[in-house]
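Peer 1: Sequence:
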Amino acid sequence: MKRREFMGYAMAAGAALGFPRSLGAGAPAKAKIDRIDIFPVIYPTAGYFKFFGGPGGSAGRAAVIVKITADNGTVGWGQAVPLPKWGKPDGALIPLSWTVNVSDIEDVGALVDEGKKRGYRHFNIKVAPDPDFDAALAREVRRLAPETFLWADANGGYELETALKAAPRLADVGVDVLESPLRPNRISGYQALKKQGALPILMDEGVVSPTDIEEFIKLGMLDGVAMKPARCGGLASCRRQVEICLEHGLMWLGSGLTDPDISLAASLCLYGSYGLKKRAALNGPQFLTVDVLKKPLRIENGFAPVPTGLGLGIDVDEDKVIDLMNRSSGDRLLRS
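The opening position of the sequence shown corresponds to residue 0 in numbering that gives the first Met the number 0, with each subsequent residue numbered one higher.
Simulated from the structure, these hints should not be mistaken for lab results.
Remember, it's a predicted structure, so these values are computed and weren't measured experimentally.
Be aware that a few hints might be false.
To be verified - Here are the simulated BS3-like cross-link-like pairs (lysine-lysine), alpha carbons at most 30 angstroms apart as the crow flies:
(1) Lys319 <-> Lys294
(2) Lys164 <-> Lys29
(3) Lys66 <-> Lys29
(4) Lys277 <-> Lys31
(5) Lys66 <-> Lys194
(6) Lys164 <-> Lys193
(7) Lys66 <-> Lys319
(8) Lys31 <-> Lys294
(9) Lys125 <-> Lys164
(10) Lys116 <-> Lys276
(11) Lys66 <-> Lys116
(12) Lys217 <-> Lys164
(13) Lys293 <-> Lys276
(14) Lys293 <-> Lys217
Stated by the list, open to error - Beta-carbon label-pair distances, calculated as ranges:
(15) Glu113 <-> Arg326: 19 to 29 angstroms
(16) Glu146 <-> Glu214: 15 to 25 angstroms
(17) Gly308 <-> Glu105: 43 to 53 angstroms
(18) Gly108 <-> Gly196: 30 to 40 angstroms
(19) Ser208 <-> Glu146: 45 to 55 angstroms
(20) Lys31 <-> Ala135: 54 to 64 angstroms
(21) Ala45 <-> Ser187: 21 to 31 angstroms
(22) Lys31 <-> Asp112: 47 to 57 angstroms
(23) Ser187 <-> Phe132: 45 to 55 angstroms
(24) Asp322 <-> Val74: 12 to 22 angstroms
Just so it is clear, CB atoms sit at the ideal spot from N, CA and C, and this is done for glycine as well.
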């Protein structure tokens with residue numbers, strides 16, 4: 000799907016809920032929002048992922064599902080995927096990467112094998128703060144998957160001196176890109192890492208708006224950005240950030256916040272509309288064990304087909320939403 004088509008479908012969805020748009024002859028009159036239902040839920044998870052451990056050992060991916068009903072009966076669904084710590088596509092396929100997040104090198108083999116059994120051929124690793132462990136982790140993943148696109152994500156966990164030592168070592172053992180090596184306010188540190196040039200340096204957590212990217216580019220802090228619509232406040236902001244990267248010849252990678260199905264569909268539509276070829280770190284299918292769709296999204300041999308159909312190309316099953324909310328011990332919040 001072309002970018003113009005993507006935004007056209009998004010505008011069509013907005014128009015159905017009363018947002019302004021130019022309508023052709025014979026088009027239906029604008030509808031008004033009649034009701035908003037909010038469903039707080041927790042998607043059960045499988046496997047270890049450090050961001051989902053909770054007090055008392057509880058685990059799950061918290062999300063908020065929103066149903067908007069117009070006065071003409073039109074229904075729209077959306078999803079937000081908070082993290083306390085911080086259209087009609089054309090059938091394109093987006094290759095996904097499998098997340099390797101371990102505390103013991105002995106666990107790498109089994110985790111990589113699990114990803115391979117599910118059809119994944121590309122891997123991203125969680126690194127920092129220990130460059131010795133990180134180099135060993137990267138070396139082992141590269142050994143087990145020699146053809147992989149190996150993406151290291153530090154989540155801002157290095158200090159500058161350590162990052163300057165870690166980047167060349169990670170490059171030497173086969174890492175392709177290093178994401179968020181420092182906290183986002185370490186401007187001179189990012190400049191030093193980019194000048195060092197051991198690896199392409201991507202930013203993530205520090206980029207919320209298009210203005211952030213523009214300023215970081217002017218300061219010479221990055222080689223690209225890992226995109227996350229949920230972090231950026233939605234599709235419009237993330238779309239503009241992709242375009243800024245394209246305008247400046249920077250790398251952009253598709254990522255996410257372990258997005259559940261509705262949010263995942265939005266990311267796939269956006270990334271598909273811009274023809275993403277590099278591997279996307281969308282690990283919701285790896286860690287989440289339930290869905291709320293009438294027809295679940297398919298992951299085939301490590302590839303995610305971009306949903307087809309109007310809007311996000313999916314149909315939400317409200318009974319599944321209510322069941323998940325009840326299992327999450329949540330209460331539906333209603334607003335008129």
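Peer 1: Now tell me if each hint is right for this structure.
Peer 2: Cross-check of the supplied hints:
1. Straight-line distance between C-alpha atoms of lysine 319 and lysine 294 comes to about 11 angstroms, which keeps the hinted pair within the 30 angstroms bound.
2. For the given pair, lysine 164 sits about 59 angstroms from lysine 29 by alpha-carbon distance, which is inconsistent with the 30 angstroms threshold.
3. Among the hinted pairs, lysine 66 with lysine 29 is consistent with the structure: their alpha-carbon atoms are about 18 angstroms apart, no more than 30 angstroms.
4. With a C-alpha separation of about 40 angstroms, the suggested pair lysine 277 and lysine 31 falls outside the 30 angstroms cut-off, and the hint is violated.
5. With a C-alpha separation of about 47 angstroms, the suggested pair lysine 66 and lysine 194 falls outside the 30 angstroms cut-off, and the hint is violated.
6. Restraint check: the Cα-Cα separation between lysine 164 and lysine 193 comes to about 13 angstroms, which is no more than 30 angstroms; the hinted pair holds.
7. At most 30 angstroms may separate the alpha-carbon atoms for a hinted pair to count; lysine 66 and lysine 319 meet this at roughly 13 angstroms.
8. Restraint check for lysine 31 and lysine 294: satisfied, since their Cα atoms lie roughly 28 angstroms apart, inside the 30 angstroms limit.
9. For the suggested pair lysine 125 and lysine 164, the alpha carbons sit about 17 angstroms apart, so the restraint of at most 30 angstroms is met.
10. A C-alpha spacing of about 22 angstroms is found between lysine 116 and lysine 276, which places the hinted pair at or below 30 angstroms, so the restraint holds.
11. Taken as a hint, the lysine 66 and lysine 116 pair is broken in the structure, with Cα atoms around 36 angstroms apart against an allowance of 30 angstroms.
12. Restraint check: the Cα-Cα separation between lysine 217 and lysine 164 comes to about 25 angstroms, which is no more than 30 angstroms; the hinted pair holds.
13. A hinted pair counts as satisfied when its Cα atoms are at most 30 angstroms apart, and lysine 293 with lysine 276 qualifies at roughly 28 angstroms.
14. Taking the CA atoms of lysine 293 and lysine 217, the gap is near 46 angstroms; set against the 30 angstroms cutoff, the hint is violated.
15. At roughly 26 angstroms, the beta carbons of glutamate 113 and arginine 326 sit within the given window of 19 to 29 angstroms.
16. Between glutamate 146 and glutamate 214 the C-beta distance comes to about 37 angstroms, which lies outside the given range of 15 to 25 angstroms.
17. Our hint of 43 to 53 angstroms for glycine 308 and glutamate 105 holds, since their Cβ atoms are close to 45 angstroms apart.
18. A beta carbon spacing of about 32 angstroms between glycine 108 and glycine 196 agrees with the range 30 to 40 angstroms that was offered as a hint.
19. In this structure, serine 208 and glutamate 146 break the distance hint of 45 to 55 angstroms, their C-beta atoms being roughly 36 angstroms apart.
20. The hint said 54 to 64 angstroms for the Cβ distance between lysine 31 and alanine 135, and at roughly 59 angstroms that hint holds.
21. Against the hinted window of 21 to 31 angstroms, the Cβ-Cβ separation of alanine 45 and serine 187 comes to about 41 angstroms, which falls outside the hint.
22. With their beta carbons about 54 angstroms apart, lysine 31 and aspartate 112 fall inside the hinted range of 47 to 57 angstroms.
23. Under the hint 45 to 55 angstroms, the C-beta atoms of serine 187 and phenylalanine 132, about 26 angstroms apart, miss the expected range.
24. A beta carbon spacing of about 18 angstroms between aspartate 322 and valine 74 agrees with the range 12 to 22 angstroms that was offered as a hint.
Violated hints, in rising order: 2, 4, 5, 11, 14, 16, 19, 21 and 23; the structure is consistent with all others.
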